[in-house]
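Enquirer: Below are the chains, spelled out letter by letter.
There are 2 protein chains.
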Amino acid sequence: MSNNNSPLAIVLASGGMDSCVTAAIASQNHRLGLMHVQYGQLTQQRELRAFCDIADFYRVPDSLRMVTSIEHLRRIGGSALTDDTIAVEDARAGGSGIPATYVPFRNANLLCMATSWAEVIGAHRIFIGAVQEDSSGYPDCRREFYQAFNRLIEAGTRPETHIEVVTPIIHLSKGQIVRKGVDLGAPLQFTWSCYRAEEEACGTCDSCMLRLKGFREAGVDDPIRYA
Amino acid sequence: MSNNNSPLAIVLASGGMDSCVTAAIASQNHRLGLMHVQYGQLTQQRELRAFCDIADFYRVPDSLRMVTSIEHLRRIGGSALTDDTIAVEDARAGGSGIPATYVPFRNANLLCMATSWAEVIGAHRIFIGAVQEDSSGYPDCRREFYQAFNRLIEAGTRPETHIEVVTPIIHLSKGQIVRKGVDLGAPLQFTWSCYRAEEEACGTCDSCMLRLKGFREAGVDDPIRYA
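Residue numbers (my numbering), protein chains in the order written: chain A, 1 to 227; chain B, 1 to 227.
Just so you know, these hints were derived from the structure itself, not from any lab. One should not assume that every hint holds.
Stated by the list, open to error - Listed next, with one range per pair, are the computed distances between beta-carbon atoms:
no.: 1; chain 1: A; residue 1: D221; chain 2: B; residue 2: G137; range: 50 to 60 Å
no.: 2; chain 1: B; residue 1: D53; chain 2: A; residue 2: D84; range: 43 to 53 Å
no.: 3; chain 1: A; residue 1: R225; chain 2: B; residue 2: R59; range: 48 to 58 Å
no.: 4; chain 1: A; residue 1: I121; chain 2: B; residue 2: C202; range: 28 to 38 Å
If you're wondering where the values come from, they're calculated on a predicted model, not measured in any experiment. Idealized CB from N, CA, C, for every residue including glycine.
With the hints as extra help, turn the sequences into a complete structure.
Expert: Encoded structure:
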């Protein structure tokens, strides 16, 4: 476990399962700064509650919690997550193509915010729970995107600044993520994944299906409630 | 001049001189979408007025104006532009080092926002009025930063999306920028550059000094008022 002398790392924490497991991994060797961004997604109140529960679990001090809100992704629209007129589809059978829940360039927006914060507070690593293979097929979840982002940081920050984005679960399957979370004692009972609902998870949207698949593969019961 | 069949380009328009001249350049061959971001900078009300005047001048329809506000850069702090406790210095003599007005990774944040918008509205170019040589020495004004950003867009957007960030004035001197603006009929009288004040420009901050140097080199009178 980390202690007061451990280096500081920022974790982008949505309140979902992947970022919770990512926080668990980061906490092994780092003090945590947790960043949570509301961008007008349908379930943002529920996700904020999940974030706070997870931050409390890891005893993150207020000075290292950055909860912030951006309006432009909702106003820009183009995604079922932020536009009420675009339906959140049921999970796709084949997994090809880019789903309606893709928020254009969202992870780049979030990583820029985290990089600004990292440069000011002196964090040298930014953890993000992106998942490539066993994911929704978003272009900003691919390894090459994160490699390009690290080159961008190198080019666009102070010469003495060295910040690296790390993606510790990018090549794990959902089952491996659940297993890793259980092994590390991550508080999966606090996490929220459903794109549609805030009281009981729908169990049928892309995000619920991927989560349920993960628990099934890991042979573990999902501790949250489904409709 | 562009017409209704011209391709659509987004211009990041702060309300300052450089982005105004950049809009003038873009307007030669493109319909304009103008994006303006308030990030808690001291003079943001004045800059918004300048933006609106410039957008009116170029007859940009409301549907192609995106005025939006982000709070995280102010809350993150670390810059004299967004933190009341850090002084806006007078212009530096030597021009070495990175000044206190540097907002960490600001241009990356702005370009991500513009990229999200471009992907939704189908714009293929994003113009930004970054200036490398004759500038304040910000790391995110260097050509290599924009090259890295274009690679990031390629890696992080839909495969069918092709968006390019272009920096038409990056190698111009401030004098050349003023001259270009005058030649293209850019409404420089509406622009605002001062980091400190909103009524009359201070004439002594970095940004005022660079602006005044530009008008002097171009042999043109600056149409705005100074204290």
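Enquirer: Each hint should be assessed against the structure and marked as holding or not.
Expert: Here's how the hints hold up against the structure:
no.	hint	verdict
1	A:D221 - B:G137: 50 to 60 Å	holds (57 Å)
2	B:D53 - A:D84: 43 to 53 Å	violated (34 Å)
3	A:R225 - B:R59: 48 to 58 Å	holds (54 Å)
4	A:I121 - B:C202: 28 to 38 Å	holds (31 Å)
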